[in-house]
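There are 2 protein chains.
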Amino acid sequence: MTFDTILVVGCGLIGSSIARAAKTYGQCQTVLVADKSESVCKTVAKLGFADGVAEGMAHHFAAQADLIVLCVPPGRMAEVAGEIIPAMKAGATLTDVGSIKGRVIETITPLLREDIHFIPGHPIAGTEFNGPEAGFAELFQHRWCVLTPTDPDHPSVAALKEFWEAIGSAVAIMTAERHDLVLATTSHVPHLIAYTLVGTAVDMEEVTRNEVVKFSAGGFRDFTRIAASDPVMWRDVFLANRDATLEVVDRFIEDLSALKRAIRWEDGDALLEHFSKTRDIRRKIIDAGQETDAPNFGRED
Amino acid sequence: MTFDTILVVGCGLIGSSIARAAKTYGQCQTVLVADKSESVCKTVAKLGFADGVAEGMAHHFAAQADLIVLCVPPGRMAEVAGEIIPAMKAGATLTDVGSIKGRVIETITPLLREDIHFIPGHPIAGTEFNGPEAGFAELFQHRWCVLTPTDPDHPSVAALKEFWEAIGSAVAIMTAERHDLVLATTSHVPHLIAYTLVGTAVDMEEVTRNEVVKFSAGGFRDFTRIAASDPVMWRDVFLANRDATLEVVDRFIEDLSALKRAIRWEDGDALLEHFSKTRDIRRKIIDAGQETDAPNFGRED
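The listed protein sequences correspond, in order, to chains E and H.
Everything in the first sequence is counted per the working numbering, starting at 2 for the first residue and increasing by one.
Everything in the second sequence is counted per the working numbering, starting at 2 for the first residue and increasing by one.
Misleading hints may appear alongside valid ones.
A pair holds if it fits inside one copy or across any two, identical chains being indistinguishable in the list.
[Unchecked claim] With a straight-line Cα cutoff of 30 Å, these simulated DSSO-like cross-link-like pairs (lysine-lysine) come out:
| id | residue 1 | residue 2 |
| --- | --- | --- |
| 1 | Lys24 | Lys43 |
| 2 | Lys285 | Lys90 |
| 3 | Lys261 | Lys278 |
| 4 | Lys43 | Lys90 |
| 5 | Lys278 | Lys43 |
| 6 | Lys90 | Lys261 |
| 7 | Lys37 | Lys47 |
| 8 | Lys90 | Lys278 |
| 9 | Lys278 | Lys37 |
| 10 | Lys261 | Lys43 |
| 11 | Lys285 | Lys24 |
| 12 | Lys47 | Lys90 |
| 13 | Lys24 | Lys278 |
| 14 | Lys261 | Lys47 |
| 15 | Lys261 | Lys24 |
| 16 | Lys47 | Lys24 |
| 17 | Lys90 | Lys24 |
Bear in mind the hints are in silico, worked out from the structure with no lab data behind them.
With the hints as constraints, model all of the structure from the sequences given.
See below:
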């Protein structure tokens, strides 16, 4: 056990999963939860996975914690950090789970104290559901967690790495800048595109919603999962990772324009070449244990 | 039982699923299969779901069949129809399962005989796998099948409808033009976008393939399923449904440009509004029995 007392601030899907996992895998004595929402606190109390629940900033909890994990939307991260840092005990570790790291570091760094350790983090795990009921202890099993510490050799980094590994994740350490570009590609732009396509289909006046629903098994339904993710969180992600998102989106639009052109000019060879090269990456993702190999994601089983 | 003898021409995922379903649900006495590929024919013979297998056009099978189902890629449909129609027995029904209907009708109509019935069809079902081993009898359960007959009141339409319903599908009847626009929205453009995004990510020199694989659970992996679909079939679909595809892609690009602009100008309200409206369509798809409500498509179960 690397941390005696853990405080989770913001108890949605990720926060509640961390709290549950910390207990389930015996990674702390005490798990405390703070959330600004009364109804979230009530639900957490009812679910019973935390040793203590407080509405608001919970400075008394912050003073006890060896590890504080900020699990609030990216747009609230700096405000919450500014409230909690003055209450932290000396030698404690602060981390977060935000989907972008550059902006978080930029805003939190000026608020830090010499005697605490801040290690930005991002577990690449989730579902399209949110709220404390949606969390589960196994969410991080066989997933990756990225840490972007300024000093990768500090002992607190090893301790936090050990924690993530104990609850099931592999840990990758990289710079915040690299994280934000890689995640723009593998997460942020895919979400933006899914949100866009689902919106386009829903807005097509010539095609009714009824038809979109009926015939969604033709491919459309695959996009609706991530387009059902938490809108507030994703608004914050795009605003905070603006430059990398726009760069990857522009490449995507270039590539889509090239395929459009191939369709317009009936260049079947170009289409076939493009469609053939995308198959092996799925096989690699399956082989890496990041995806099921069951047809249709196994959703019909 | 509406058809005594059924001939499936082209025995991939869809063809082999129809052959299996026809037997499993007792919808024919005899199922015959023809495929141009020797290895497919050998596999079908080994799997044992057909009463007869022939390599090539199988005119002797065509002469026996009450229903012939063309399950070849859209680009080969006319050629195969041209070969098979002269061998058909009088009064028999010809249908197909192609993902586009306008082009198929355009090319097959001049080849038809007065004494056979042609009913274009399209079952909205599939997986990312192909070949005769990938098929299964339950593929069409709770899915929709679209028929686009020129004469919806002809008794052969009722018989074919009954067949699809008996193997588990609901049947929708519409014009070919409407089908092609609706499916461009719910199937063709989603595939094109998935193929594009997966290609863009794989081509990003600044991001390694290794990173794309590792961090794919952030959203990217959802796109890789349909981007692993049969490249030949999809090349043919886009060439055959060119105009509707380009129309829907252009709308998608317009919408994506609007979201890009909102990100560039940090218009959080516009993003939040857009991201909030796409959630309810997934709920409707789940309620309509076209999707699982398990988190992450239930893939981790």
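These are the hints, each one checked on the structure:
no. : hint            : in the structure
1   : Lys24 - Lys43   : within (19 Å within a copy, 55 Å between copies)
2   : Lys285 - Lys90  : neither (44 Å within a copy, 49 Å between copies)
3   : Lys261 - Lys278 : both (17 Å within a copy, 27 Å between copies)
4   : Lys43 - Lys90   : within (27 Å within a copy, 72 Å between copies)
5   : Lys278 - Lys43  : between (50 Å within a copy, 28 Å between copies)
6   : Lys90 - Lys261  : neither (58 Å within a copy, 42 Å between copies)
7   : Lys37 - Lys47   : within (17 Å within a copy, 63 Å between copies)
8   : Lys90 - Lys278  : neither (53 Å within a copy, 43 Å between copies)
9   : Lys278 - Lys37  : between (47 Å within a copy, 25 Å between copies)
10  : Lys261 - Lys43  : neither (52 Å within a copy, 39 Å between copies)
11  : Lys285 - Lys24  : neither (33 Å within a copy, 36 Å between copies)
12  : Lys47 - Lys90   : within (29 Å within a copy, 70 Å between copies)
13  : Lys24 - Lys278  : neither (44 Å within a copy, 36 Å between copies)
14  : Lys261 - Lys47  : neither (53 Å within a copy, 42 Å between copies)
15  : Lys261 - Lys24  : neither (52 Å within a copy, 42 Å between copies)
16  : Lys47 - Lys24   : within (16 Å within a copy, 52 Å between copies)
17  : Lys90 - Lys24   : within (22 Å within a copy, 71 Å between copies)
The structure is inconsistent with the numbered hints 2, 6, 8, 10, 11, 13, 14, 15, although it conforms to all the rest.
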